[in-house]
Structure formats: structure tokens, C-alpha cells
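Q: Single-letter residue listing:
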Amino acid sequence: MSATLGESPAAAAPAAGAPAARRGAGFGSTVAAVLRKELLVELRTLESVPAMSLFAVTTFVIFHFALNRGSVEGDLAAGVLWVTLLFAAILGVNRLFVADADQGGFDAFLLAPVDRTALLVAKVLTLLGFLVALEIVAVPAFSILLLAPPVGPALGGLAATLALGDLGVAVIGTLVAAMAVRTRARDLLGPLLTLPLFVPIVIGGVRCTAPLLELTHRSGPPARWLATLGVYDLVFGLLAFALFDFLVED
Amino acid sequence: MSSRPYGNGLRALSFATVAAITGALALVFFYAPLEAEQGFLQKIFYVHVPLAIVSLCGFVLGGLLAIQHLRTRDPRWDMRSYVAIHIALIFGLGTLITGSIWAKGSWGHWWVWNEPTLVSFLIVWLLYATYQPLRFAIEDPERQARYASVFAVTAGAFVPLNFIAVRMSTSYLHPRTLSSTSNLPGPMALTFLISLLAITLLYATLCKYELTAKHTRAQVRALRRRLSGETAPARGRSAAPVALPDGAMPAAPGETLGARFGAGSAPGTAG
Amino acid sequence: MPSAAPAVEIRGLVRRYGEREALSGVELSLPAGSTLVVFGPNGAGKTTLLRVLATLLRPHAGRVSVLGSELPGDAWAARGRLGLLGHEPLLYSELSARQNLRYHARLHGVGEERIVELLDAVAMTRRADEPLRTLSRGMVQRVAVARAVLHEPELLLLDEPYANLDPAAIELVAPLIGASASGAERTRELCSHDPGRGLAQADLVLGLRGGRPALLAEAATVRASEITELYR
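Protein chains in written order, with my numbering: chain A, 1 to 250; chain B, 1001 to 1271; chain C, 2001 to 2232.
Source of the hints: derived by calculation from the structure; they are not laboratory data.
The reader is advised that the hints may include incorrect statements.
[As the list claims (entries may be wrong)] Below, simulated SDA-like cross-link-like pairs (lysine to any residue); rule was C-alpha separation at most 20 Å, straight line:
id, chain 1, residue 1, chain 2, residue 2
1, B, Lys1214, C, Arg2020
2, B, Lys1214, C, Tyr2017
3, B, Lys1214, C, Glu2112
4, B, Lys1214, C, Arg2016
Please model the complete structure; the sequences and the hints are all you need to start from.
A: As C-alpha cells, this is what we get:
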């Protein structure tokens, strides 16, 4: 559905006799161009990643006082970790399209002879990058501040789980960010829309992470929950692919 | 491009609904046997489950109608999608309330987490509760309709996925008496089916009422605009989609309100 | 070399905003290489018309054809060949002029040499690497002009392009957004509030009021007083 109503770019041959439709960047180059721009803006402003990381660490401190515990393990540890990561992710989601919406970036992109879905892919990759950067700070912080069992043996399973979870968060986050950014209450609608959509990711994420963080009887993430996360990612990926064009239009 | 008046069949539908509801109530109170364990309270099941089913189907229907809107860009599909979701949301609230009453009666708590259907219903309801705020926050009517449709499709796809995920996560062993609708003895099954029919008809009637009301209001506004020129007061910000009067879509020989009530009294009906 | 087919052709265009018709009844045919100037008070539909021609808004009814492509179906074919200079500069304030132009160049498949050439043409080479938010409004507008013509568009859509520029800047910029650039005839659609300057550049004049065309004529036959009438 992303090629609805004649939105396909330089795929078809230009009409005979008409001057050649200027070929814009191909799909891959467009994604690369947008990604480069995103990276440059983030490096210049340092808005999203430091804020998300700081938020996560502060939240761990708050959890210490809220739960009145010095350390957590198993189910509780998984829960604390996932809740913190998701709320930190929402900060990143809120900022994702703000520069584009406020500084006319949408128009500029819409005027270029490129496939609009490339913007979706670039933004998902950007958000994914932010999440990975967040986790590089948050997971060690978590293991130092709150986690009872040592994190070393859990890292492999944790990485797999976080990868699948992050992908889902990135896709949903991008879709919702595109919906919320050009509304009057953008900072409020973003979280309200994402949180219910995150519930299956929380369910799957915690079920996969809890066995990894047990003090005794550690085990790997259950395959069926990893599969559930994967399926959820796939379905939402396809949905986003089909629907994104409709959000980016004026 | 249909020019059929919107209110067609509304009266017949209303009568059918009243008849079905009366029939269902009669069956629930006088025909269906008292259930052994839970006694009289169990009868709320005949309201709660049909409400849940119709509400969920309404949400998914809203998503399907939204797909049509995105494909054809015809604002009338968006109107239908909006009404379907709007009324399903109300029925959803009824589901949660009746579910809560049942839980209090059976388990002593106003809410239970071991009923996956109820739990996933809550999540879905919380998501759809953002539909109207989302619409209200977008002023451009065309963009409002388009974004709402994207939301409706996303949320519609979410409903089954969420249901499965929550179901998988609830691994309690006791039977889920609330949601089990299979293996019902004869009289209970009949009562249940009639109740389901009644609630479905109620849903359809309410949808049709709302669509007709909006359409009529749009006609009136269009006539008012013709009479007083473009100085008629503009419609304020609203979460509801804009209903275009007949004739606003190209090549629609729409019936105007004036023509329907005969006696060409309204000036400018010929346009 | 002017081609025979009109660059822009509009028949019965309707664009709604909710129940209100933001634009209706516009009919015109703009030959390639000519300039259309649109006048009208605020809210008359000038920007709407501009955005429809820029393929950013879809027509709700009627036929619109831009550079031989029907909208909205073949909009993609026209996109790389038109340039838009609106009220917003469409640039990221955190990035420098060069970085912004590079981004647009990559999207349009344009080479680095063109960026250097344009930065020089708008006299921004010296400050090309400072973030735009440190520059004055006039300088940002100059970079916006460079962005608009970066990919050598055949159709230029301009919304009060001289608004934020001082006379020196206008002199710099005029040849870039003028009727002919590097020898080729270029078609333009221009929104303006200035009857004198607007009429001087026009081949065809369109006056809009309340979304409807109040005036459509060859520029030579239009008097400035008719234009000021529109604003009454």
C-alpha cells in the first residue's frame, strides 16, 4: 500500500517525448541521506540520547525508593528494567519528528523525487540507534545499582531479547511519532498512544528476561516468547510500511 | 455515489431492536435456568459477553472501514469508521462495567487479573479512548480523517494480537467461566444467542442514528450557508468528521432536504 | 526552447477545507516559459493553489496537470522538476548552509559542484559552515533560494520571495529565481502583494478572493488599480 495512488518514484519509465523525470536518490541512498542528516542533528543538539540515558538512571534510583529494596532479581528485575526502558524510549519518540515538523523538513522531503517509505526506514533506524545507545548506559547502570545476580552470563540472552524488543519499540514509536507530531497536543498524545501498543512487548520482554535474571536456576529466554516478540515486530513492521505514506502527506 | 436518503430503514431497525431486547430480557429472566455455582449473578453473563463481542467486532469494523477510506479518500467512509469506533467504545465501557460487577459478585474484587479476556479488553479500550482526543487535536479536517484512519487500522490490527499475547501470559489453571461460551446447555445457549442478536441490533441502530443525525445536520448547514452566503458561522473545532451534504461530491444528483419534503419552499435548493 | 504543451493546466480545481471550499473554479493554462502572478488578500487561497501545484496537496475535484503530469496520480514524475520557495525556508536550523544543501542535493541526485556554485551565487560561501540559527533572517532566506533552485527546476513556485531581503540581497537573488536561468526559459508561479513589481514580472495575472478567481487576464491588459480592488 505504500505505492498507492501513483506515489511510486523513478521506477516507471518517463513518458516518451517529455523531459526525463529527474531521477532522485534510490531507496538506499535516500535512507542513507536521511540517516546522515539525523545523526548530524543529534550530534549538534545532543537532545535525545543523553536525556534518555539520564532519565533511565534516575528512574532506577526512584525505583530503589519506591520499592524500598536494595536489589531485585527475577520477575521484579525484569519488570523494573523494561518499564524504565520503555518510558525512556517515549522521550526519544516524542522528539523524533519535532525538528522536521517545526522546520519544514516534511515539505522538503515530500518535494524530492524519492520513495517516502525511505523516511520511515531511516527514522526507525534512528530510533533503534538511540535505543541501543540508551541500553549501553542503562544496562550496566541497572546491574550496578539494582540487580542482584551478576549480569555477565545473562548478556547473550539479554542482547537477543533487547534486540527484538527494541525493533518493536522503534517501529511503533516511529509510527506513533509521525501521527502525534503535527497535532496540538503532541507531547501528550505520543505516550497515550504508545503505551497500550507497547503492552505485548512488555509481556514478551519480561517473560524472556525474567529467567535470565534469576539468582538461582537461571535459564535462557523461552523460545516461544522470543517468537512472539518477533511476530509482533513483523506485523507492525508491515503495518507501518503500508500506512506511513498516509501520515507524511500534508 | 448513492443518493439514497440516510434515514432509510431506521424505523424498521428500531422496532426490530426493541423486539429483540424485549425478547432477550424475557428469556434471561424467565427462561434461562439458574446456574448452580453462581446463582442469579451469572445472568450478567448474557449482557457482558455480547457487549464484549459486539464491541470488539465494532473496533475491527472501524479498522476495515478506515482501510476503505484510505483507499478511496471518500470522507463518507471516514464518517462510518468514526461512528463504528465511537459506539463500540461506549459498548466497551459497558463491557468493563458489567465485567467488574460480575467479578465483584463472584470473586469479591472489583477487578481480577486472571481473566485474560477482560484484561486485554481493558488495554484495547485504553487505546481506543485516545481516538477522539487524537481527532480533536488535528484541525485540518482532511488530515484529521486521514490520521484517524491510520490509527483505526493500526488499533484494529492490534486487537487480535493483544488478545493472543495476554492470553498466552495468563497461565492460571482454573476454568474461565466468564468467557466460556462453548458447552452451554440448550436453554442457556438460546438465551445467549438472542441476547447477542439484541445487542448487535442495538449497535446497528445506534450507528445508523448517529450517521443520519450527522448527515442531516450537514444538510442544514449547507442550506444555511446558501441562504446567508459564506458569512454563516464556521463550525468550531470538533473531534467528529465533517459530513459533506449531498451534491458536494461531484456528479451526485443528491436529494436535498428541500426536495424531500416537497413544496419547493426553500430557496436555492436547485443550487 | 519553449515546448508547445502548457507547463501548467488547471480545469475546475476544487480544494476543500472541511465544509468550506478553500479554492474553487480556478481555470487556467500557463504556457511553458511564462510567469503567472497571483494576487489576493490573505486567506484567498494563494498558498493553497501554490501547494496544489507543488504536489503537496491533492486536488479534491477537477483536473490539474503540472509539467505534463496529471495530479495526483503522476505527481511523482513532476516532483524532481519543480522548486518551491515558500514562507518557510525548509532548512534545519541546527545544521549549516552547506550541510543543508548537501542533504537536499543527495535527495535530488545533484552533485557537490552545484552546491559550491550556488553558495557563491548567493554570497554565502564565507559563512557556509555556521549553523543557520546563528545567521540573520535575510541570510537564511538566501540559502533557501539556493535550496529551491539547487536541482535546476523547470517550474518555480514562489510565495512572496522578496519578503525578507534587503535591496542588495534582492539583486543577488533575482537572477536565480528570474524568468530565465542559464539560458533556458523557466516557468514560474509567483504569489505577490506588490502590484507594481508583480505586474512587471507577469505574463498572466490571476486575482483570487475567497478562494474564487476574481480576475484572470494577460498582464498587459491589467491595470494596477484592478489589483488593489481585490484587497478591498
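Q: Take the hints in turn and mark each one as holding or not.
A: Do the hints match the structure? See the list:
1. Distance check on the hinted pair: Lys1214/B and Arg2020/C sit about 17 Å apart at the alpha-carbon level, within 20 Å; holds.
2. This hinted pair checks out: Lys1214/B and Tyr2017/C have alpha carbons roughly 18 Å apart, not beyond 20 Å.
3. Proposed proximity of Lys1214/B and Glu2112/C is contradicted: the alpha carbons are some 56 Å apart, above 20 Å.
4. Using a Cα cut-off of 20 Å, the hinted pair Lys1214/B and Arg2016/C holds, with the two alpha carbons roughly 19 Å apart.
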